[in-house]
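Number of protein chains: 2
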Amino acid sequence: MQKPREESMQEIVLKPIGIIQSPISDPDKAPRHGSESTVSGKLIVDEQYRDALLGLEKGSRIVILYWMHLAERDVLQVHPRRDYTRPLRGVFTTRSPVRPNPISLDTVKVTGIEGTVIDVIGLDAVDGTPLLDIKSVA
Amino acid sequence: MQKPREESMQEIVLKPIGIIQSPISDPDKAPRHGSESTVSGKLIVDEQYRDALLGLEKGSRIVILYWMHLAERDVLQVHPRRDYTRPLRGVFTTRSPVRPNPISLDTVKVTGIEGTVIDVIGLDAVDGTPLLDIKSVA
Chain L
2 MQKPREESMQ EIVLKPIGII QSPISDPDKA PRHGSESTVS GKLIVDEQYR
52 DALLGLEKGS RIVILYWMHL AERDVLQVHP RRDYTRPLRG VFTTRSPVRP
102 NPISLDTVKV TGIEGTVIDV IGLDAVDGTP LLDIKSVA
Chain U
2 MQKPREESMQ EIVLKPIGII QSPISDPDKA PRHGSESTVS GKLIVDEQYR
52 DALLGLEKGS RIVILYWMHL AERDVLQVHP RRDYTRPLRG VFTTRSPVRP
102 NPISLDTVKV TGIEGTVIDV IGLDAVDGTP LLDIKSVA
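Chain order of the listed sequences is L and U. In case it helps, the numbering used here puts the first sequence at residues 2 to 139. In case it helps, the numbering used here puts the second sequence at residues 2 to 139.
To be clear, the hints were calculated from the coordinates, so they are not data collected in a lab. Quantities reported herein were computed from a predicted structural model and do not represent experimental measurements. Hints may be right or wrong, so weigh each one.
As the list claims (entries may be wrong) - Simulated crosslink set (DSSO-like; lysine-lysine; CA at most 27 Å straight-line):
id, chain 1, residue 1, chain 2, residue 2
1, U, K4, L, K30
2, U, K4, L, K4
3, L, K4, U, K16
4, U, K4, L, K110
5, U, K59, U, K4
6, U, K4, L, K43
7, U, K110, L, K43
8, L, K4, L, K30
9, U, K16, L, K16
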C-alpha cells in the first residue's frame, strides 16, 4: 500500500496576513457559497505586507484564502449543505467548512483601496476571520 | 489607521492530509497554471482520512489545495510569470508561488480511485508536495 512519506507530513505553520472585517457574525448566517454573496466588507492587511499589494486595482476580482477559525477539524463526514435528508458524504467531496485544514477560498471584487485596507464585495466569511492569502483570478 | 486585531494574527498549524505524487520534479518546469496542465499523477491521502473520501467519484472534478514547500515566503514583489520585461508587482496581485503563505489551488479530474490513492489529471505540483485539502468544485 502506498503511504505518504514521513517528511511530507510534517506540520506547517501559517501566519495570517491580516483579517477580514465583515457584517456576518454568525457562521450559520453566512452565504453557503461566495458566488451567492452580495456582502461587503474589508480586508485589513497587516502593514508589513504593504509591498505585496503593489498594482492592486479597484474594480478587479481577486481570490482570497482564509482560515475558518470556527470550523470543526475532526469531523470527516457531513450532510451536504446541512440538509439532513441527504446522505452523509466525506468532507473532501463537499464545500463544507468542516475539514482537517479549514481553508476557504472566495472570489471577491475590489471596490476601494486605502493603504492596506481593501474594500470588497462578495464575502462569505465571518467578522474577524484570519486572512491567509490574496491572489489574482486565474 | 485600522490594524488587524492581535488574536486574529496568531500562527495557525496545518497538518498535511497526504502528498502529491507527480512526474514534475523541477518547479521551473511546472505548468504556470493548472488550467494549462495535462499532467497525470496521484493524491496519496493518509489512511486516517479515508472516511473523508466517501462519495468521491471517478470522472468528477475536484479542487485541491497544496503547500508549495519549495516557494520563498519572504519575497513580496515579483515579475509576473518571471517575465523580466514586465514591471514588478505585489505578489497578492499575481498567481506566483512566492508569497507569505504559499498555498496553491488547482482543479483536477479524478481518473481512478483505489482506497485512499486518487489518480488525477491536470496537476501542476511537483513530486512530494504536501496536500492540504480536497474540495468539490463550487
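Going down the list of hints, with the structure as the test:
Pair hint K4/U plus K30/L holds up; C-alpha atoms about 26 Å apart against a cutoff of 27 Å. Restraint check for K4/U and K4/L: not satisfied, since their Cα atoms lie roughly 43 Å apart, outside the 27 Å limit. The hinted pair formed by K4/L and K16/U meets the criterion: a straight-line CA distance of about 15 Å does not exceed 27 Å. Between K4/U and K110/L the alpha-carbon distance is near 21 Å, which keeps this suggested pair within the 27 Å criterion.
Using a Cα cut-off of 27 Å, the hinted pair K59/U and K4/U is violated, with the two alpha carbons roughly 46 Å apart. Between the alpha carbons of K4/U and K43/L the distance comes to roughly 11 Å, so the proposed pair stays at or under 27 Å and holds. As the CA atoms of K110/U and K43/L are separated by approximately 34 Å, the hinted pair breaks the 27 Å bound. Our distance criterion of 27 Å between C-alpha atoms is broken by K4/L and K30/L, whose separation comes to about 39 Å.
With a CA separation close to 14 Å, the supplied pair K16/U and K16/L stays within the 27 Å bound.
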